[in-house]
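A.B. asks: Using the hints provided, position chain B relative to the given structure of chain A.
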Amino acid sequence: MLWSLYANVLVQGVLTGLVYGLMALGLSVIFGVVRVVNFAHGEFAVVGMYAAFILFRSFGIDPFLSMLPIALAFFVIGYGLQRTLINPFVSRPEHEQFILLVGVAIILVNGTLMIFGPDARSANLPYSFDSWDIGPVIVDKVRVYAAIAALAVSGLLFAFFRFTDTGVAIRACADNLTGAAVVGLDVKKLYALTFGLGLACVGAAGALMVTLTDATPMIAPAYTLLAFTIVIIGGMGSMTGAIVGGLLIGVAEALASVLIAPSMKTMASFGLLVLVLALRPQGLLGKRA
Amino acid sequence: MTQSTRLSRRTVMVGAAAAFAAPAIVKAQGQTLKIGSLLPRSGFFAQAGQSMHRGALAAPELLAQLGYRVEIVHIDTESNADVARTQAERAINEGCHVLTGAFDSGHTLAIAQVTEQRQIPFVVNVAAAPQITEQGYKFLVRNFQTGGQLVTNGLRLIKDVMDAKSIKFDKAVFLHANDTFGTAQRNAMDAIWPRVGLPIELVDKIAYDPRAQDLSVEVTRIRSLNPDLVMCVTRASDAIKMVRDMVRQRFQPKAIISPGSPGFYDEEFYQALGPLADFVMFGLPWANPKATMTQAFERAFVKANPNNRFAVDSFNAGFTFEGLLIAADAFKRAGTTSGPQLMEAVRATNITDHVMIGGPITFDAKGQNPNIGSALVQNIRRTATVVLPKDVALAEPVLPLPAWQGRS
Numbered sequence: 001m002l003w004s005l006y007a008n009v010l011v012q013g014v015l016t017g018l019v020y021g022l023m024a025l026g027l028s029v030i031f032g033v034v035r036v037v038n039f040a041h042g043e044f045a046v047v048g049m050y051a052a053f054i055l056f057r058s059f060g061i062d063p064f065l066s067m068l069p070i071a072l073a074f075f076v077i078g079y080g081l082q083r084t085l086i087n088p089f090v091s092r093p094e095h096e097q098f099i100l101l102v103g104v105a106i107i108l109v110n111g112t113l114m115i116f117g118p119d120a121r122s123a124n125l126p127y128s129f130d131s132w133d134i135g136p137v138i139v140d141k142v143r144v145y146a147a148i149a150a151l152a153v154s155g156l157l158f159a160f161f162r163f164t165d166t167g168v169a170i171r172a173c174a175d176n177l178t179g180a181a182v183v184g185l186d187v188k189k190l191y192a193l194t195f196g197l198g199l200a201c202v203g204a205a206g207a208l209m210v211t212l213t214d215a216t217p218m219i220a221p222a223y224t225l226l227a228f229t230i231v232i233i234g235g236m237g238s239m240t241g242a243i244v245g246g247l248l249i250g251v252a253e254a255l256a257s258v259l260i261a262p263s264m265k266t267m268a269s270f271g272l273l274v275l276v277l278a279l280r281p282q283g284l285l286g287k288r289a
Numbered sequence: 290m291t292q293s294t295r296l297s298r299r300t301v302m303v304g305a306a307a308a309f310a311a312p313a314i315v316k317a318q319g320q321t322l323k324i325g326s327l328l329p330r331s332g333f334f335a336q337a338g339q340s341m342h343r344g345a346l347a348a349p350e351l352l353a354q355l356g357y358r359v360e361i362v363h364i365d366t367e368s369n370a371d372v373a374r375t376q377a378e379r380a381i382n383e384g385c386h387v388l389t390g391a392f393d394s395g396h397t398l399a400i401a402q403v404t405e406q407r408q409i410p411f412v413v414n415v416a417a418a419p420q421i422t423e424q425g426y427k428f429l430v431r432n433f434q435t436g437g438q439l440v441t442n443g444l445r446l447i448k449d450v451m452d453a454k455s456i457k458f459d460k461a462v463f464l465h466a467n468d469t470f471g472t473a474q475r476n477a478m479d480a481i482w483p484r485v486g487l488p489i490e491l492v493d494k495i496a497y498d499p500r501a502q503d504l505s506v507e508v509t510r511i512r513s514l515n516p517d518l519v520m521c522v523t524r525a526s527d528a529i530k531m532v533r534d535m536v537r538q539r540f541q542p543k544a545i546i547s548p549g550s551p552g553f554y555d556e557e558f559y560q561a562l563g564p565l566a567d568f569v570m571f572g573l574p575w576a577n578p579k580a581t582m583t584q585a586f587e588r589a590f591v592k593a594n595p596n597n598r599f600a601v602d603s604f605n606a607g608f609t610f611e612g613l614l615i616a617a618d619a620f621k622r623a624g625t626t627s628g629p630q631l632m633e634a635v636r637a638t639n640i641t642d643h644v645m646i647g648g649p650i651t652f653d654a655k656g657q658n659p660n661i662g663s664a665l666v667q668n669i670r671r672t673a674t675v676v677l678p679k680d681v682a683l684a685e686p687v688l689p690l691p692a693w694q695g696r697s
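Protein sequence lines, in the order shown, are assigned to chains A and B.
Residue numbering for the first sequence is 1 to 289, as defined by the numbering used here.
Residue numbering for the second sequence is 290 to 697, as defined by the numbering used here.
If we strip away everything but chain A, and leave its shape as in the complex, we get (with noise of 0.2 Å):
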């Protein structure tokens, strides 16, 4: 009976750590190439998770589905606010552009607020309470569905990354900046596609945790919290890293709940991020500076 308790509190930490991942993935991939750190990244989840509701109540379309524009729209967001509003600052000292995204983090959170109020909303699809047995787990089809979908955005980053010319171009901007510049590379455009596109798995992430969680605007310090954390753990600007860190999480907090006790599960994070500042400052998968 307790081995089967273990299997499903680790089987629902693996699901959830992939969504977690992916949230994280949008955060990891702007610090390690734009080096800066989006203070309003819950915020912009938050917004994607109301963009899936929104297209899921009004036109009925399946968040797995909706994830697809949304994170379109995202990267379109992005790429415009890299443009116009964060680019003056990526040189500035980095207390400026703290400031600059906390503030964008207080629009977002009283923007959402002022529109849909306080009360948490959900998208309520036809299968959100199925679930299938395996065994003596049980497994819920959603996070399931919301788990594959993150690897498969994930994997499509990579990807992106690795095999084409801009991911290329975008990674040597990383690597070496001013290198970059040397060769002709046009940074200020190629910074805002990556900001584009962290925002892009944002949205995605967003529009999935929807499926699993309710959407309100308070919720959205947390996610930014629980992105840096996953962040730390895994290294920072490594995207492997991430998705390491939102699995750690996910399991550390579903076991933590089990063996020590349910609300100790956000402690069983920072204990683990406190760990890893202290024996990899650099995170598991990162570079040292």
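Treat the hints as calculated values from the structure; they're not laboratory data.
C-beta: ideal position from N, C-alpha, C; glycine also.
Possibly wrong hints are sitting among the right ones.
[Claimed, not checked] Heads up, simulated DSSO-like pairs for lysine-lysine below, C-alpha to C-alpha not over 30 Å straight-line:
hint, chain 1, residue 1, chain 2, residue 2
1, B, K454, B, K579
2, B, K494, B, K543
3, A, K141, B, K457
4, A, K141, B, K543
5, A, K287, A, K141
6, B, K457, B, K494
[Stated by the list, open to error] Derived list of chain B stretches under chain A, where covered just means 3 residues or more per stretch with a C-beta under 8 Å from a C-beta of chain A:
hint, stretch
7, 329 to 340
8, 355 to 365
9, 448 to 462
10, 508 to 515
11, 522 to 529
12, 535 to 548
C.D. replies: Only chain B this time, still in chain A's reference frame:
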């Protein structure tokens, strides 16, 4: 026939007293009581704060019909104790004669320090922390149950429904948020459970983080214990997560009952879960659906808030209205807006015709209303419906909990 025109000493005294009192009463009749309604209309508690605010919006019309003249100043405490304190100062500086509020116990205590210092009456409408009426505040009264009373009455109602439906629960699990309210309820449960003598084995008490993305692990743990009864202290968003994960994991207890917490009667709970929101129960102080004052308040509520259901807001809105009623009634009797005299009148309150279930609104020496009753309320067709006590019930309780499957 001659008529004696001789005045007795007593008549002269009465006349003199009336002459002295008359200007005050006349002044009161000409004056309007300015009440500051401090509520968390934004931030973490916004959902409940907005619900209470709708009660405050509905109150003036009914109070006017009852012959009270009040002006309500609506103030947002932003779910922040510091903001609550500064807004209380500001409200008093801007001429509020009485303050009401404030939903959260921490905010309430912050406001109480201000009203005590400024000698302005503070009528607490919702806030359960026992210390609110244990710290000797002279300018505070509370028209709400303490955390201990909420749990005691909630557990008593579990016993009542077991008797009414001849149903037996062998094992129970208590699930609660680890926030201020949830922890206070847990402490009350620890103290009260052994005393109430319910014939149920409490197999586990599980605290969860209300910021958690879901409660799947918590539900997995509960499921592994296989209790008949799940008792919970949640907010609406957690209650949604809990029920959702129970359905996904096909965990079917005989009953889900909250012994004194919000969550199950919020519109977002009904919206998110649809038919799955039905048949859960909660024991809380509730609006008396059979009282004429409740019915009058419901009409005023619907007029002021045409897009909201009274059944959903009746707990928050009802207590908000009663807080304002207490202040208005005291003003009418005191005939003055002077803080100390108004407070004397507040303490002498005795309102028999009111909204919430229970005896007349009165206050003991500590400023606590000891007469507030609780009801067992069950969601039936997505409407919070009083099912116990029988004298105020609108329907029979439905137990055991009908199967999740096949409800939609």
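A.B. asks: Now tell me if each hint is right for this structure.
C.D. replies: Comparing the hints with the structure gives:
no., hint, verdict
1, B/K454 / B/K579, "23 Å, holds"
2, B/K494 / B/K543, "18 Å, holds"
3, A/K141 / B/K457, "34 Å, violated"
4, A/K141 / B/K543, "25 Å, holds"
5, A/K287 / A/K141, "37 Å, violated"
6, B/K457 / B/K494, "20 Å, holds"
7, 329 to 340, "holds (count 6)"
8, 355 to 365, "violated (count 0)"
9, 448 to 462, "violated (count 0)"
10, 508 to 515, "holds (count 3)"
11, 522 to 529, "holds (count 3)"
12, 535 to 548, "holds (count 4)"
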